[in-house]
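**Student:** Please model the complete structure; the sequences and the hints are all you need to start from.
Anchor point for the sequence shown: position 101 equals 101 in our numbering, and the numbering is continuous, going up by one each time.
Calculated from the structure, these hints are not laboratory results. Zero decoy hints are in this set.
Simulated restraints, written as ranges between beta carbons of each label pair:
id : residue 1 : residue 2 : range
1  : A278      : D231      : 25 to 35 Å
2  : G275      : S99       : 41 to 51 Å
3  : R208      : S129      : 38 to 48 Å
4  : K139      : P213      : 15 to 25 Å
5  : Q40       : T106      : 26 to 36 Å
6  : G164      : R134      : 23 to 33 Å
7  : G202      : S99       : 13 to 23 Å
8  : G80       : K279      : 41 to 51 Å
9  : P77       : G270      : 38 to 48 Å
10 : P77       : P201      : 33 to 43 Å
11 : S99       : P201      : 12 to 22 Å
12 : D184      : V103      : 35 to 45 Å
13 : Y267      : A79       : 33 to 43 Å
14 : V103      : V290      : 38 to 48 Å
Every residue gets a Cβ at the ideal spot worked out from N, C-alpha and C, and that includes glycine.
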Amino acid sequence: MSSNTFRDWIAGAASAVLATCLLAAGAASAQELRTQVVAQGLEHPWAVAFLPQGRFLVTERPGRMRVVEADGKVGPPLAGVPRVVTGGQAGLLDVMLDSGFAVNRTLFFCFSEPGQGGNSTALARARLSSDAARLEDVKVIFSQQPKVASSNHFGCRIVETRDGNLFLTLGERFIRKEEAQKLDNHLGKIVRLTKDGAPAPGNPFIGRAGALPEIWSYGHRNSQGATLAPDGTFWMHEHGAQGGDEINLPQPGRNYGWPVITFGENYGGGPIGEGITAKAGMEQPLYYWVPSIAPSGMAFLTSDRYGPAMKGNLFIGSLKFGYLARLELGGGKVLREHKLLEGLERVRDVRQGPDGLLYLLTDLDKGRLLRVLPG
Numbered sequence: 001m002s003s004n005t006f007r008d009w010i011a012g013a014a015s016a017v018l019a020t021c022l023l024a025a026g027a028a029s030a031q032e033l034r035t036q037v038v039a040q041g042l043e044h045p046w047a048v049a050f051l052p053q054g055r056f057l058v059t060e061r062p063g064r065m066r067v068v069e070a071d072g073k074v075g076p077p078l079a080g081v082p083r084v085v086t087g088g089q090a091g092l093l094d095v096m097l098d099s100g101f102a103v104n105r106t107l108f109f110c111f112s113e114p115g116q117g118g119n120s121t122a123l124a125r126a127r128l129s130s131d132a133a134r135l136e137d138v139k140v141i142f143s144q145q146p147k148v149a150s151s152n153h154f155g156c157r158i159v160e161t162r163d164g165n166l167f168l169t170l171g172e173r174f175i176r177k178e179e180a181q182k183l184d185n186h187l188g189k190i191v192r193l194t195k196d197g198a199p200a201p202g203n204p205f206i207g208r209a210g211a212l213p214e215i216w217s218y219g220h221r222n223s224q225g226a227t228l229a230p231d232g233t234f235w236m237h238e239h240g241a242q243g244g245d246e247i248n249l250p251q252p253g254r255n256y257g258w259p260v261i262t263f264g265e266n267y268g269g270g271p272i273g274e275g276i277t278a279k280a281g282m283e284q285p286l287y288y289w290v291p292s293i294a295p296s297g298m299a300f301l302t303s304d305r306y307g308p309a310m311k312g313n314l315f316i317g318s319l320k321f322g323y324l325a326r327l328e329l330g331g332g333k334v335l336r337e338h339k340l341l342e343g344l345e346r347v348r349d350v351r352q353g354p355d356g357l358l359y360l361l362t363d364l365d366k367g368r369l370l371r372v373l374p375g
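**Tutor:** Printed below as a string of structure tokens:
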């Protein structure tokens with residue numbers, strides 16, 4: 001984000017309450033957080049991005065994208081959103097502004113796309129109109145193959161890397177979990193793409209017979225959280241099956257094991273497959289949860305708004321238990337986990353805003369956009 005855009009964002013978002021809190025942030029305890037409602041009445045919001053002048057761009061799973069003003073006013077649905085499959089976990093999901101948005105007004109979003117055989121995750125590129133009322137030049141640049149008749153496990157988080165390529169997380173669609181181990185499909189994969197949707201140069205399976213060139217890593221289940229670490233490393237987490245939610249740092253060409261190895265178990269009990277947690281040639285997670293917390297959005301905190309103890313920590317929302325997980329890291333490991341803001345609704349997205357504060361979306365019929373304040 002350019003310096004001018006940043007200044008515009010701060011100017012638009014400023015409020016007396018926020019300013020007072022920011023002045024006190026340096027003295028705030030690492031555990032002392034509270035939330036401030038920015039907007040409410042959103043229908044199952046899934047992702048938030050930060051526009052200039054303190055505005056927000058929010059997706060709603062039923063297929064709508066809206067601008068939320070700095071004062072919390074929720075605007076009408078944007079025109080130009082393509083047809084979206086809804087129901088279950090399907091819908092309009094992640095949205096991400098291009099790194100050059102201040103100049104080109106380009107954004108990327110992913111959604112459940114209908115097609116022959118069912119539906120799948122698709123990635124689209126568009127331009128936000130100058131009046132922020134519609135999407136223009138909408139183009140689907142990637143569609144997960146094959147289409148599957150399922151309403152579950154779309155994945156669908158988008159991350160832009162420092163080299164200008166895109167990571168997209170793709171679920172294995174639940175009923176096709178064995179396909180996550182095969183390289184001739186996109187189910188249970190992380191793909192790495194150019195901004196035109198082509199396989200990114202340097203992908204590990206380019207030129208390999210029987211393997212799709214978009215694939216970066218495989219053996220994943222359903223990733224609904226992904227982000228870049230401050231050092232540029234790509235991090236993601238994926239839902240386990242009744243336990244075994246994992247944090248992974250996907251490396252090119254590596255196999256992350258699902259459904260052969262897992263710390264989860266079948267719904268209703270009983271082992272999955274061989275009931276093993278390790279196997280040669282398959283990667284172990286950096287961290288995992290048993291029981292499952294149903295992780296959602298994730299973000300690294302790079303600011304000192306909440307005091308030095310939280311800077312550099314990883315924050316992940318819990319859909320199942322309604323809290324914000326704070327993970328302290330060191331030496332390439334998770335050292336400690338803290339449960340913050342317990343008693344919230346289902347936390348769907350977690351982002352750091354241009355003001356250095358964390359923002360959350362809650363996944364309800366009348367969901368909310370929340371600003372996380374110190375003390």
